[in-house]
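Student: If you want the building blocks of each chain, they are given just below.
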Amino acid sequence: MLEDAQIVQLYWDRDTAAISETDVKYGKYCTKIAMNILSSAGDAEECVNDTYHRTWETIPPQRPEIFPPFLGKIVRNLALDRYRYNTAQKRNGKMDVLLSELENCLPDAESVEDSLDASVVTEVINGYLSRLSKQKRVMFVQRYWYSQSIREIAHYFGMTEGQVKSILFRLRSGLKDALEKEGVYV
Amino acid sequence: MNREELFAAMNGIKDEYIAEADPTIKAAVPLYRKLRPILTMAAAMVIVVGIVSMAGNLFGPKGMAPAMDQTECAVTTAEEGAVEEAAPLEPAAGETGIGAVAESIEEAAPAEEPAEMEIEEALPATDSEEATAEMDVADQKQQAAENRTITMQEIFLDGVCYEFTLICDAQPENLQEIGILSSDPAATCYTPYTHNGETVWASEEEPNVLFVESADGWLRYEKSE
Numbered sequence: 000m001l002e003d004a005q006i007v008q009l010y011w012d013r014d015t016a017a018i019s020e021t022d023v024k025y026g027k028y029c030t031k032i033a034m035n036i037l038s039s040a041g042d043a044e045e046c047v048n049d050t051y052h053r054t055w056e057t058i059p060p061q062r063p064e065i066f067p068p069f070l071g072k073i074v075r076n077l078a079l080d081r082y083r084y085n086t087a088q089k090r091n092g093k094m095d096v097l098l099s100e101l102e103n104c105l106p107d108a109e110s111v112e113d114s115l116d117a118s119v120v121t122e123v124i125n126g127y128l129s130r131l132s133k134q135k136r137v138m139f140v141q142r143y144w145y146s147q148s149i150r151e152i153a154h155y156f157g158m159t160e161g162q163v164k165s166i167l168f169r170l171r172s173g174l175k176d177a178l179e180k181e182g183v184y185v
Numbered sequence: 000m001n002r003e004e005l006f007a008a009m010n011g012i013k014d015e016y017i018a019e020a021d022p023t024i025k026a027a028v029p030l031y032r033k034l035r036p037i038l039t040m041a042a043a044m045v046i047v048v049g050i051v052s053m054a055g056n057l058f059g060p061k062g063m064a065p066a067m068d069q070t071e072c073a074v075t076t077a078e079e080g081a082v083e084e085a086a087p088l089e090p091a092a093g094e095t096g097i098g099a100v101a102e103s104i105e106e107a108a109p110a111e112e113p114a115e116m117e118i119e120e121a122l123p124a125t126d127s128e129e130a131t132a133e134m135d136v137a138d139q140k141q142q143a144a145e146n147r148t149i150t151m152q153e154i155f156l157d158g159v160c161y162e163f164t165l166i167c168d169a170q171p172e173n174l175q176e177i178g179i180l181s182s183d184p185a186a187t188c189y190t191p192y193t194h195n196g197e198t199v200w201a202s203e204e205e206p207n208v209l210f211v212e213s214a215d216g217w218l219r220y221e222k223s224e
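The listed protein sequences correspond, in order, to chains A and B.
The first sequence begins at 0 in numbering that gives the first Met the number 0 and counts up one residue at a time.
The second sequence begins at 0 in numbering that gives the first Met the number 0 and counts up one residue at a time.
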């Protein structure tokens with residue numbers, strides 16, 4: 000199995016082996032992210048294939064320093080686009096639950112003053128995550144970036160689902176406070 | 000911004016945070032969390048054993064102590080024949096829990112107790128037989144002694160007293176049977192004189208001596224002075 004830098008170099012060399020090597024090393028990783036959002040094996044597989052195609056188009060000119068998150072962001076964005084497309088026709092219960100959790104992070108409607116640039120929100124989130132312990136940060140990212148289920152996170156950390164729910168509740172409250180403190184209103 | 004936009008905004012989370020949270024990489028779960036199911040099970044077993052032990056302490060001795068005494072008694076009787084000296088079987092210190100469990104297990108097997116009791120009942124009967132036999136022997140000896148006493152009684156013959164002197168090793172020679180003449184003329188006229196069912200003999204050589212054959216030998220009686 001090739002190192003990440005070697006795979007990226009294959010993309011730069013325009014070697015089609017880059018895609019097969021990416022699939023060998025990160026196919027499971029990409030599929031997991033897509034499946035967590037879409038809950039459909041067919042949609043996830045299609046999403047992952049689109050990810051390889053998008054990566055082929057993006058590298059070069061980009062040269063990611065950390066390859067897995069680079070792939071993950073592409074597959075996540077594609078999966079979200081597919082999710083929006085799908086939800087225009089049908090409901091996705093799993094994602095609805097996850098998004099309803101995030102709704103708790105948003106300030107009250109009365110405090111809405113103006114629209115917010117997404118990049119500013121991202122900056123607040125990264126600042127908030129930097130103040131957390133590694134365990135809580137991983138738990139937050141697994142839930143709201145990787146869209147892992149509560150059960151999966153509990154198994155990952157060797158905790159009960161109740162413990163994970165409790166920690167995530169406090170993390171959401173903390174993010175809400177952070178957003179309000181920074182004057183971020185939606 | 001709605002919730003979906005907030006979710007999308009999280010796509011800008013730093014790569015290092017995303018990389019460290021990779022769910023496909025096995026987390027280093029602390030050892031105590033890996034062992035938690037085993038520890039939980041062990042703790043549950045300790046509690047159960049404790050409860051059983053307490054139950055055994057509360058209820059066990061009442062039901063089991065007598066049975067165990069009987070068992071010990073039966074064994075002691077078989078070995079020594081002394082039921083009263085059998086000591087009760089006391090559980091050793093520190094074995095209370097195990098002992099209680101063992102007692103409860105023994106309680107579940109009541110068939111053994113009657114069998115032991117049967118043994119217990121049977122053993123004294125054997126002693127009784129032995130004692131009876133011993134008593135019989137003693138009685139026989141006593142009877143023999145009495146018989147001897149009777150044998151050694153003086154013999155009165157024709158108003159003369161003959162006293163026992165000794166037991167002869169060999170049969171005396173020249174003995175003469177002593178007869179009694181009946182006063183009834185129709186009778187056979189002559190009846191041998193007996194002493195304790197044994198015929199009394201007179202010595203032809205010694206006129207003042209009588210002999211009576213007995214199990215111990217020939218008893219010699221001499222005319223009393």
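The hints are simulated quantities; they were obtained by calculation from the structure and are not laboratory data.
It is possible that part of the hints are untrue.
As the list claims (entries may be wrong) - Here are the simulated lysine to aspartate or glutamate pairs, EDC-like style, with alpha carbons at most 20 angstroms apart:
| id | chain 1 | residue 1 | chain 2 | residue 2 |
| --- | --- | --- | --- | --- |
| 1 | A | 27 | B | 19 |
| 2 | A | 175 | B | 19 |
| 3 | B | 25 | A | 160 |
| 4 | A | 72 | B | 3 |
| 5 | A | 135 | B | 15 |
| 6 | B | 13 | A | 22 |
| 7 | A | 133 | B | 4 |
| 8 | A | 24 | B | 176 |
| 9 | A | 72 | B | 224 |
| 10 | A | 133 | A | 160 |
| 11 | B | 25 | A | 95 |
| 12 | A | 27 | A | 151 |
| 13 | B | 13 | A | 160 |
| 14 | B | 13 | A | 181 |
| 15 | A | 72 | B | 129 |
| 16 | A | 135 | B | 197 |
| 17 | A | 27 | B | 21 |
| 18 | A | 175 | B | 21 |
| 19 | A | 133 | B | 3 |
| 20 | A | 135 | B | 133 |
| 21 | B | 13 | A | 3 |
| 22 | A | 24 | B | 4 |
Remember, predicted model here, so these are calculated numbers, not experimental data.
Student: Which hint numbers does the structure go against, in order from smallest to largest?
Tutor: Hints 2, 6, 7, 8, 9, 11, 13, 15, 16, 18, 19, 20 and 22 contradicted; others consistent.
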